[in-house]
Amino acid sequence: AQSVTQLDSHVSVSEGTPVLLRCNYSSSYSPSLFWYVQHPNKGLQLLLKYTSAATLVKGINGFEAEFKKSETSFHLTKPSAHMSDAAEYFCVNQPGRRALTFGSGTRLQVQP
Amino acid sequence: DGGITQSPKYLFRKEGQNVTLSCEQNLNHDAMYWYRQDPGQGLRLIYYSQIVNDFQKGDIAEGYSVSREKKESFPLTVTSAQKNPTAFYLCASSSQGQPQHFGDGTRLSIL
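Protein sequences appear in the order of chains A and B.
Residue numbers for the first sequence follow our numbering, beginning at 1 and rising by one.
Residue numbers for the second sequence follow our numbering, beginning at 1001 and rising by one.
Derived from the structure by calculation, the hints contain no laboratory data.
All of these numbers come straight from a predicted model, not from anything done at the bench.
The beta carbon of each residue, even a glycine, is placed where N, CA and C say it ideally should be.
Check each hint, because a few of them may be wrong.
[What the hints assert, rightly or not] Derived coverage of chain B by chain A (criterion: at least 3 residues anywhere in the stretch with Cβ under 8 Å from a Cβ of chain A; other residues may be distant):
# : segment
1 : 1037-1050
2 : 1089-1102
[Said to hold, decoys possible] Derived pair list, reagent style EDC-like, types lysine to aspartate or glutamate, alpha-carbon separation capped at 16 Å:
# : chain 1 : residue 1 : chain 2 : residue 2
3 : B       : K1083     : B       : D1038
4 : B       : K1009     : B       : E1024
5 : A       : K42       : B       : D1054
6 : B       : K1070     : B       : D1054
7 : A       : K42       : B       : D1104
8 : B       : K1071     : B       : D1104
[As the list claims (entries may be wrong)] Sample of chain B residues at the chain A side, in silico, Cβ under 10 Å:
#  : residue
9  : G1002
10 : I1004
11 : Q1006
12 : P1008
13 : K1009
14 : Y1033
15 : D1059
16 : R1107
Only chain B is shown next, with the shape it has when bound in the complex:
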């Protein structure tokens, strides 16, 4: 079945540590997205990529970094510069003009 796989499902970060969240899709979608979800809030866009080797900052990119070396993969790194990283992170992908498909998310917590 085609879909989006996010791993790990739960992740813990120590102070001053960078962590990387994985997102893989086999839907052959050109565009991929990372969102952050906090309790009681909608999703906020961190980064997005419309094509391989290109990506753009979203509304809350500070403290995060991404890469898009392959069409199928769009990993997100939460750096130590992100002072409030505890959240639920969702990855999505889409083909042009179509609704976004979402993964099942990664919940990041601070130790």
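Excised from the complex, chain A in its bound form:
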């Protein structure tokens, strides 16, 4: 069975401090992992994708994620949060090119 678990439904950070959004996956197939961001009343925008070429993946807007097979994790990080980062973030798995499996999302709040 395929599943994606985002461990925090809400994360609140202060502007300029690091961001950590946690994601664990389970998959019978080789995972194909993505992080998407969704701003209010908007569609999802791709932040980054894991392609198996490298375990540390760099994305847009200063975000990056590290694939750890031993921990079945794909946590999203950013060294310094910006007010514009406030949004909902989704961890997504597409194992073996099958249908996407979405996590339930993490809402990131950035305090001034």
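Since the structure of chain A is provided, determine the placement of chain B on it from the hints.
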């Protein structure tokens, strides 16, 4: 610019009424998808189409119908059989092996 256009942005449905949500893409993608998003939940797949004139049910297809007569277009009809249609509907498209691109969504509410 290439992208996915969903219309309308807001839609209201009366009881017993069918409504159709539009999704058009100019990315030349073969595959298109419809998702439903409810508050506090991830996206759930309603229908998808890998090629023109073919489509498959997703996880929550009951009460919905689709057509794929053109590569660029994948309209979704929310029928009166869908008893809880209030949600945010997202359309996406992709080429093989690539991440999905999403439209900006349609918010459907009941009058």
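Comparing the hints with the structure gives:
Counting residues of the segment 1037-1050 of chain B whose CB falls under 8 Å from any CB of chain A gives 7; the rule of at least 3 is met. Coverage of the segment 1089-1102 of chain B by chain A holds. Counting CB-CB distances below 8 Å, 8 residues qualify, and the rule asks for three or more. Between B:K1083 and B:D1038 the alpha-carbon distance is near 14 Å, which keeps this suggested pair within the 16 Å criterion. In summary, the hint linking B:K1009 to B:E1024 is supported, as the alpha carbons are separated by about 13 Å, within the 16 Å threshold.
Pair hint A:K42 plus B:D1054 does not hold up; C-alpha atoms about 28 Å apart against a cutoff of 16 Å. For the hint pairing B:K1070 with B:D1054, the CA-to-CA distance comes to about 10 Å; that is within 16 Å, so the pair holds. Proximity of A:K42 to B:D1104 is assessed by CA-CA distance (about 5 Å); at most 16 Å being required, the pair is judged to hold. Between B:K1071 and B:D1104 the CA atoms are separated by roughly 19 Å; this puts the pair beyond 16 Å, and the hint is violated.
For the restraint placing B:G1002 at the interface with chain A, the shortest Cβ-Cβ distance is roughly 14 Å, beyond the 10 Å limit, so the hint is violated. The closest approach between the C-beta of B:I1004 and any C-beta of chain A is roughly 7 Å, which is under the 10 Å cut-off, so the hint is satisfied. Interface restraint check for B:Q1006: the shortest CB-CB distance to chain A comes to about 8 Å, inside 10 Å, so the restraint holds. For B:P1008, the interface hint is violated, the least distance from its beta-carbon to any beta-carbon of chain A being 13 Å, above 10 Å.
Restraint check, B:K1009 versus chain A: the minimum CB separation of about 8 Å is within 10 Å; hint holds. Look at B:Y1033: its Cβ gets to within about 8 Å of chain A, closer than 10 Å, so that hint holds up. Taken as an interface hint, B:D1059 checks out: its beta carbon lies about 8 Å from the nearest beta carbon of chain A, inside 10 Å. Restraint check, B:R1107 versus chain A: the minimum CB separation of about 7 Å is within 10 Å; hint holds.
Violated hints, listed in ascending order, are 5, 8, 9, 12; each of the other numbered hints is respected by the structure.
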